[in-house]
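From just these sequences and the hints, can you work out the full model?
Protein chains: 2
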Amino acid sequence: MALACTQDVILLLGDSLTQGNVERTGLAERLSCVYVRKMDVINRGLSGYQTDWAIPVFEQILAQQHAHRHAPKVQLLTLWFGANDAALPPSTQHVPIARFKSNLVHLVHMVRSPTSAYYSPGTRIVLITPPPVNTYQWTRERAFEETEKYAEAVREVGGQVGVPVADVWTQVWEGAGRDERGCARFLQDGLHLNAAGYEIVFDAVMKIIEATYPEMHYDALQTVFVPWSEVNVDDPRPSLVKRRAM
Amino acid sequence: MALACTQDVILLLGDSLTQGNVERTGLAERLSCVYVRKMDVINRGLSGYQTDWAIPVFEQILAQQHAHRHAPKVQLLTLWFGANDAALPPSTQHVPIARFKSNLVHLVHMVRSPTSAYYSPGTRIVLITPPPVNTYQWTRERAFEETEKYAEAVREVGGQVGVPVADVWTQVWEGAGRDERGCARFLQDGLHLNAAGYEIVFDAVMKIIEATYPEMHYDALQTVFVPWSEVNVDDPRPSLVKRRAM
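Quick note, the sequences are listed as chains F and U, same order. The letter at position 139 of the first sequence is residue 139 when you use UniProt numbering, and the numbering goes up by one with no holes. The letter at position 114 of the second sequence is residue 114 when you use UniProt numbering, and the numbering goes up by one with no holes.
Please keep in mind that the hints were generated in silico from the structure rather than gathered at the bench. Treat the hints with care, as some may be off.
[What the hints assert, rightly or not] Partial pick of chain F residues on the chain U-facing surface, computed with a CB cut under 8 Å:
(1) Leu3
(2) Val9
(3) Cys33
(4) Ile42
(5) Ser47
(6) Gln60
(7) His68
(8) Ala117
(9) Tyr118
(10) Pro227
(11) Val233
(12) Leu240
All C-beta atoms, glycine included, are put in the ideal place defined by N, C-alpha and C.
Quick look at the structure:
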């Protein structure tokens, strides 16, 4: 038994911050709740991964052209990396900042470039910056200033390729009163977000959707199957044919 | 851009109890967290729907044979109905108990019968009983004894077709000290579960997986993409080829 393509999807590509699962308060869970019956939210967060490793993964999680007809269409894609790329050498996770930026551009071009095998002009993209690291909480292989540079790199890439950026780094930093120790309010362990941190992420992504992709806002979509009160009780079948959410 | 079939899925078909979204503590969220990077959990809960309306929906959310190759494979299916079928006449949601039972059998046969267009001998099925209704909280169109009968009907169908039943009704009832008012501990409004109620549901489903489908337990599965510490740093690509979770 296989799943049909009833709902388009929101695809989340990233590292442990995307993978989430902290008390079920992560980005995927929050988006799933508001988009229920409208879009499936597909969590492709891979704990510990950085952009060097994300590229071969991204190639595999996207359908090849011949399979497109039966595969769920990606209407929105979030790209959220940097937290592990910013690991300090000699960590095997470390990706030099210039390559981090070119990797991000590569991920965007896989979707945006007409010559790409994955070209998809209809897919909306949101870049997300990594949150600040609180090195008083997280003492291994990270430096506050280094992660800050990677967050800045995400903003630069966004400007360069014309993709909106959900600037989690800055919003957590401001929320923490511009104090590294204050970031503990939003981080469970100095690197990973807690529920308050994910609330910032969700709000930032939703603000971008509202401003840049309003047609993708959950309130602008209809449920694929009609609300139960609209089912034609005398002849249900025709009223139960799936509709496009958008 | 379309999604490739990287992960098999756990499909949840049901009504508002499946649709969930109460503070993100629903069944889908709980399963998504433990199966992250192993199985996608697809929420096809439709608030207000009963089994008459679920059948045409189920036909559409399953892939037809020719599309199977590119569509995610359903390894586990939960069928959770009864809460709306048990609505009292003249509610348009009401489904007489005999038809409720034959509808449930029909849904199971769609998967189990070799002559079905959706025949899938490899798909594991779990039936779930509706929780008790607390009519001191929920005063419209429901009766405690009526929903109890529909829960019993689910158990009977399970025995008849050989599908294990997660008996949420009984477990909530026992947890409430066999007292209708006591069910408020597990219900947010007398009909829909709260976080404590969903914990019972999740535990009941996981116990069935452990006992009947142990190969599907999240601890028995591997991540589709290797844990980051197993990526071959010198030659990442071959180590980043997707694997089967099972």
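So, going through the hints one by one against the coordinates:
1. Leu3: For F:Leu3, the interface hint holds, since the closest Cβ of chain U sits about 5 Å away, which is under 8 Å.
2. Val9: holds, 6 Å
3. Cys33: holds, 4 Å
4. Ile42: Since the shortest Cβ distance to chain U is 6 Å, the answer is holds.
5. Ser47: With Cβ-Cβ at 6 Å, under 8 Å, it holds.
6. Gln60: holds, 5 Å
7. His68: holds, 5 Å
8. Ala117: violated, 10 Å
9. Tyr118: holds, 6 Å
10. Pro227: Interface hint status for F:Pro227: holds (7 Å vs cutoff 8 Å).
11. Val233: holds, 5 Å
12. Leu240: Nearest chain U Cβ about 4 Å off; hint holds.
Violated hint: 8 only; the structure is consistent with all others.
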